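Sequences are here, hints too, so could you generate the full structure?
Protein sequences appear in the order of chains A and B.
With this note's numbering, the residue at position 19 of the first sequence is 132, and numbering never jumps.
With this note's numbering, the residue at position 46 of the second sequence is 162, and numbering never jumps.
No lab work stands behind these hints: they were computed from the structure.
A couple of the hints might just be wrong.
Stated by the list, open to error - DSS-like mimics (lysine-lysine), calculated; alpha carbons at most 25 Å apart, straight line:
(1) A:118 / A:150
(2) A:184 / A:169
(3) A:167 / A:181
(4) A:151 / B:171
(5) B:182 / A:150
(6) B:130 / A:151
(7) B:130 / A:118
(8) B:182 / B:171
(9) A:184 / A:118
(10) B:182 / B:130
(11) A:118 / A:151
(12) A:167 / A:184
What you are looking at is a predicted structure, and each value in this text was computed from that prediction instead of being measured.
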Amino acid sequence: DQQVKQNSPSLSVQEGRISILNCDYTNSMFDYFLWYKKYPAEGPTFLISISSIKDKNEDGRFTVFLNKSAKHLSLHIVPSQPGDSAVYFCAAYRSARQLTFGSGTQLTVLP
Amino acid sequence: GAVVSQHPSWVICKSGTSVKIECRSLDFQATTMFWYRQFPKQSLMLMATSNEGSKATYEQGVEKDKFLINHASLTLSTLTVTSAHPEDSSFYICSARPGQTFNGEQYFGPGTRLTVT
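Spelled out as C-alpha cells, the structure:
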C-alpha cells in the first residue's frame, strides 16, 4: 500500500525555468510533509517541509504547496539551475512515527 | 546544520561473513535513528526504527536476527548484517531524528554501499 506516490519518475526542465514536482498521498493523518533531494550514492538532504495546517511554505527558490482536499503537494523550484539535477523524494510524517517516502522523481535541469 | 555520518562508506565482504555499519549524529542527540535500504532506482525502504536504550522495531519482512541494530547511545547506532549473502548487497542509509523536533525532520547519513561477493 503506497501511501505516498510520485507518479512522474522523471522530469526535464530548461535552466532558468520553473520545475514543478508533484506528490500525492492517501493518509489524511499525516502531520508534516517534507521534500528531500538525493544525489547518487549519497544520503538524502532535507530541502523544505510543510505542516498539514498550512498550504504554502517558501524558502528561497523552493516553495512547497499543500492541497489537503486533493491530498496533493508540489515542490516548485524557481529558477531551476543545473545543480538542482537530482532525485527528489517527497515524504510524509505522522506524529512520532517514521517517514513514508515516495518513489522519487529524477529532475534534470538542462543548461 | 545537523550532520550524520556513516562508516564505512563502502565495504566489500565475502558471503557468510558479518559486516557492521556505524551511524553517528555529530552535533545533536538523536533519540531515534532509522535504517533504510535502497535498491537501484527505487525508493528508500525503511528497515527498522531504533530508540536509544531500547530494542529496535523492525518493519515487516526484515529479519531481525539477520540485521542486528544497536542504539547504545544518543549519538550512535550500529547495523550489523550477519552471515551476509549476495542478495544483501545494497545501499544502506541511516537517519537520525533530534530529540526535539517539531516537523518530523530527519537527517540522513551519506550511506554505505555493501557488496557481498
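Each hint tested on the structure:
no. : hint          : verdict
1   : A:118 / A:150 : holds, 16 Å
2   : A:184 / A:169 : holds, 14 Å
3   : A:167 / A:181 : holds, 9 Å
4   : A:151 / B:171 : violated, 29 Å
5   : B:182 / A:150 : violated, 30 Å
6   : B:130 / A:151 : violated, 29 Å
7   : B:130 / A:118 : violated, 37 Å
8   : B:182 / B:171 : holds, 15 Å
9   : A:184 / A:118 : holds, 11 Å
10  : B:182 / B:130 : holds, 16 Å
11  : A:118 / A:151 : holds, 17 Å
12  : A:167 / A:184 : holds, 13 Å
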